[in-house]
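Protein chains in written order, with full-length UniProt numbering: chain A, 1 to 346; chain B, 1 to 346; chain C, 1 to 346; chain D, 1 to 346.
Honestly, the hints are just simulated from the structure, not real lab data. Heads up, a few of these hints could be off.
Any copy will do: because identical chains look the same in the list, a pair fits if it lies in one copy or spans two.
[Said to hold, decoys possible] Okay, derived cross-link-like pairs now, DSS-like style, lysine-lysine, Cα gap no bigger than 27 Å in a straight line:
#, residue 1, residue 2
1, LYS251, LYS304
2, LYS264, LYS208
3, LYS28, LYS224
4, LYS224, LYS304
5, LYS107, LYS140
6, LYS208, LYS278
4 protein chains.
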Amino acid sequence: MISASIVGATGYVGEELVRILSTHPDTKIVGATTQNYVGQDIGDVFPSLRGRVNLVCEELNIQNIVKKSDIIFLSLPHGHSAALTKEVLSYNKKIIDMGADFRFDSKEVYEKWYGVSHALPEVLSDVVYGLPEINREKIKDANIIGNPGCYPTSIILGLAPVLENNLVETESIISDSKSAISGAGRGASVSNLFTEISGSVKAYNISKHRHTPEINQELSKLAKNDVHITFTPHVVPMSRGILSTIYCRLKNITTAEDVIGLYKEYYRGSSFVRIMNKGVYPETRWVYGSNFCDIGFEIDEYNKRLIIVSAIDNVVKGAAGQGIQNMNIMFGLPETTGLEAPGLYI
Amino acid sequence: MISASIVGATGYVGEELVRILSTHPDTKIVGATTQNYVGQDIGDVFPSLRGRVNLVCEELNIQNIVKKSDIIFLSLPHGHSAALTKEVLSYNKKIIDMGADFRFDSKEVYEKWYGVSHALPEVLSDVVYGLPEINREKIKDANIIGNPGCYPTSIILGLAPVLENNLVETESIISDSKSAISGAGRGASVSNLFTEISGSVKAYNISKHRHTPEINQELSKLAKNDVHITFTPHVVPMSRGILSTIYCRLKNITTAEDVIGLYKEYYRGSSFVRIMNKGVYPETRWVYGSNFCDIGFEIDEYNKRLIIVSAIDNVVKGAAGQGIQNMNIMFGLPETTGLEAPGLYI
Amino acid sequence: MISASIVGATGYVGEELVRILSTHPDTKIVGATTQNYVGQDIGDVFPSLRGRVNLVCEELNIQNIVKKSDIIFLSLPHGHSAALTKEVLSYNKKIIDMGADFRFDSKEVYEKWYGVSHALPEVLSDVVYGLPEINREKIKDANIIGNPGCYPTSIILGLAPVLENNLVETESIISDSKSAISGAGRGASVSNLFTEISGSVKAYNISKHRHTPEINQELSKLAKNDVHITFTPHVVPMSRGILSTIYCRLKNITTAEDVIGLYKEYYRGSSFVRIMNKGVYPETRWVYGSNFCDIGFEIDEYNKRLIIVSAIDNVVKGAAGQGIQNMNIMFGLPETTGLEAPGLYI
Amino acid sequence: MISASIVGATGYVGEELVRILSTHPDTKIVGATTQNYVGQDIGDVFPSLRGRVNLVCEELNIQNIVKKSDIIFLSLPHGHSAALTKEVLSYNKKIIDMGADFRFDSKEVYEKWYGVSHALPEVLSDVVYGLPEINREKIKDANIIGNPGCYPTSIILGLAPVLENNLVETESIISDSKSAISGAGRGASVSNLFTEISGSVKAYNISKHRHTPEINQELSKLAKNDVHITFTPHVVPMSRGILSTIYCRLKNITTAEDVIGLYKEYYRGSSFVRIMNKGVYPETRWVYGSNFCDIGFEIDEYNKRLIIVSAIDNVVKGAAGQGIQNMNIMFGLPETTGLEAPGLYI
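One chain only, chain A, in its complex shape (with noise of 0.2 Å):
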């Protein structure tokens, strides 16, 4: 039985991860800490757990933390997982960070995107970025995961099989991708509220927001090239789920048939990657609640363009799903255990 920790448990992703964990048949939660629910039970904090966790919310204290548990998500704002991750390295347990403070080769660019120094860089080297389907050899024996982010997961799988095998332009790769809010997270803000948000959709952060670099820093070693993708992200009123659709132009045409084929074959051993057939896109009502990433195609022959769909539940296998993965394969269990239900379809 592994122990599990959650520091951070009261936003939607530790909530995630409390809810996925519960029913994970090799794995025991043994602490959750939070800022403002100190002492309260995680089902008085979130309803839908009440009778089937029994957890009562504590405030942070690392060392208690790390002393109980095998391994620590880390469910933070950016910045916090770096320092408290220090404060513990010494005690050589798994940590797997939800944000943002272990997603980067470099420190430079993450302190340039995020605006805070990086308390532990050293380390960077030795972390691993937690995409199993491109680096699961890697984090078998990772200590440290940083997890990707929303965007990114969508976004790296569903151009990971054409730049491997360098079949596209690279400086021609745009992802307009679409979210759900709940990407925003628990916070209370004007701009989040059901008013602002229902019946409406919009862009933001166009092209400056802080995925782009961590998009491109993958996507890059998959080219074993310079990418610089443009990347626009959007709030459509749903509460989960992304989808991106990733525009490239190919150096050869080649049909979709071809395509499906490659990435059928690329993403073989990935049980959680489902590769549409022709003519069919993802929608994200597909994905919802599981922690599958669903990719179709179309090819616009007159433009010599990709256009590829990709669809994943951004609480799920863009994040708290994708972290439960990660721990499955760095404790040498099957990757799906406790990730097996198929989500909801309404």
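Place chains B, C and D on chain A using the hints.
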């Protein structure tokens, strides 16, 4: 391993049966019939199931279905289930009808409200109304279960303790219920389009809804008295959930604490019923995707009224989940088998 | 041309006042105050208004506002309006308070339910409760109007004819009301986030909502009798609209036709009240964006209950539209001036 | 007073025509035809119109309609409008076709993409594509207007200034467009049910949507060059609105300020186009219920890409509102007549 079949698998209730049974540890789905999707993979009809369920939708041949199944879930328009059951009565297999055909003690009441004649009235006295929290013992030995309607589930569970204990004036009972539109099924219709449901609330079939006699039948048994409630169903713009706000006049003034105590005692062995603390009223969000029924209370002292708020997921506790709970009981399994996952908070 | 100012223009009610007044043929907006957006264009606060309204939000200086205005709409948290009005009473300008400060005949009732002391109790006997369909004549000469609450508007209009005609048992009245979340305003709060409201329905403040004494006060006047209803507000996932489903026991059984006839007669001169035909119950969609109140009926004969369904747009007829209707009456204009546009069906 | 008729008044576009025309000061609706609601009051079909519009839906008799009308709006499935127009060409009345029949210069392109033969190809050279911001002068004298599609409106207005000024590489243009589901009309269909649209986003008809050739035709004229964009439509869970995020590569790097200046100049006389300031991207909420098109910009310097975000209400500026704007121009009225009301912010 229980071999289960679903007759009518491509509606929303059918889909939920497949979804939940797909992770049930003691069940194997051996058949799934359909009218409109014969020969298609269930994962093409409901892409959320892809990669999790391998099942080809077949045309209905009830003999074939019965032969290979230990239990058959019938998820059909009213009238069809009784006729089908008649054909296969001699096989002596377990049947759970998700529709109205086996919910009534009286052939006459059924025929009056549903406008068809009953094909198998002779079994009605042996059939069990499948509300486990009330009829658990009878369900154990039942061969045919009439699975309760969604509204009745939320209302009967909300009222059972006060009726059995004779605490309220039965002629004062009103249930004002708010339902998700999934209760209307998956048929093409103008009135259920997104554009016609989104952003609006409406009442319908006031005091004429077909669940009214079902509610009255069961409440009357609990009260040992003729009960005729006023029942107003509403549609609210959501995909899952029913909230019933139930009003009744107390015979003697009492406290919320006493009511809560009574309900906790009454549902002590029923782990799917969660009784809220004083001042807490359930939201349908809290039961989203789960088999729970959450119940909260308020007392309007001036008017000597007890207000009971009862929340379920209409397609789980109000349909498929309850059906599986019944199956568990019929086969001697723990009632919660396959139904342990908490719902989604967001 | 009427010079109108809005004190508190950057909440949702303030925005609706600006929106509707911007096309009002006899009004000019001369002032709009704000706490959080001083110096900003109203079109930057609410971009829907860009190009239609030229108005810079100013800090509140009540003397300045009063001097340049014929009428002042106060859209402020309770307690503030009475204090402000006290400061400017001598100017003898028309005031319409969108909040609770001038809705009560009794200082004591107000102070008990709102928990603040009333700054200007001496005017309460001269103030008029601004429900035009009931108090049209008094509004004509009023200087200070207490604009009704949203729930009270839907409930009082729904009940006035039967109460004035003594047709129902007053102790039997229950209103189960379903509101859009815009009623909670534009303040930052976790509980009103899209993620917390979308896809769910909940009851709140059962029999404790501050609109309860306001409803009871007005219903008691109509019934010429002490009325204490049971009132349960709910939040449903929509941006506009209130549906009140009102239950009352008939003194003598009657027909829906008779009730409809009575209501049509009662509201003959009130063009914003639309009485539905038999068997038709209004949806909030039907009044979306308009100043209408739609009312429909059902009779539960067995229980001798009349069920009244009343629908309004909470920010129009439940707030800003009604305020402007009051203004029209106070200035001798046709009641419908500036309020003629039908609502949006989708 | 202009006598206007609407052929096909009981779809969503027809309803919007009636809604907006009902407050148009210079128009009287003299006829409204329907297939499914013959003899019914329009207020029974769309109850939002009750008490505001008195109009009985009639069966289509095109001769009768033409005789009593100065202008006829045709809101019909493609193929029907051309045939009807042929019947009444000799009457020489003004016709605005809301469908696709008169949007194409080339009979062949129309017939290829719509799969029907054109009944009236001989008038195509006289017909005017009714996008006032581009073709205002021609519209003045037109007898037959092909009212633009919703997606094309948002995309062409977004691109016209840069194309006319030859600032972008035309082969680089991509429009990723997000639409409300009302664009799919009011027909009964499973795929447009609330349960199938709510909470999810999807792409459809990638590079195959019938608006593609319409977009290309108009952009080619503006660019004086053959333009073939990549066009991906999406459905997002809302009732009104289209957001087009348009990507194109700049021939020479420029600043957002310069682009904004160019657009403000280009649309100086077009009061329905609102150009956003630097760093502001429009939301569909900002144009909800109004005839505005809001356009904002970002420049991805690294990739030399200009990103244009264009927002309209698909049933107003994308259909009925634009039709009425065209009518105003055809009859010498100020373009904004009847279209002055700001949209709803919430």
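Structure-based check of all given hints:
Proximity of LYS251 to LYS304 under the C-alpha cut-off of 27 Å is found in both arrangements, the shortest distances being 8 Å within a copy and 20 Å between copies. Taking CA atoms no more than 27 Å apart as the test, LYS264 paired with LYS208 passes between copies only; the shortest distance there is 25 Å, against 33 Å inside one copy. Within a single copy, LYS28 and LYS224 get their C-alpha atoms no closer than 40 Å, and across copies no closer than 47 Å, so neither meets the 27 Å cut-off. Taking the shortest alpha-carbon separations for LYS224 and LYS304, both the intra-copy value of 23 Å and the inter-copy value of 22 Å come in at or below 27 Å.
Within a single copy, LYS107 and LYS140 get their C-alpha atoms as close as 24 Å, which meets the 27 Å cut-off; across copies the closest is 62 Å, which misses it. For a Cα distance limit of 27 Å, the shortest separation of LYS208 from LYS278 across copies, 14 Å, qualifies, whereas the shortest one inside one copy, 34 Å, does not.
Checked against the numbered hints above, the structure breaks only hint 3 and satisfies the rest.
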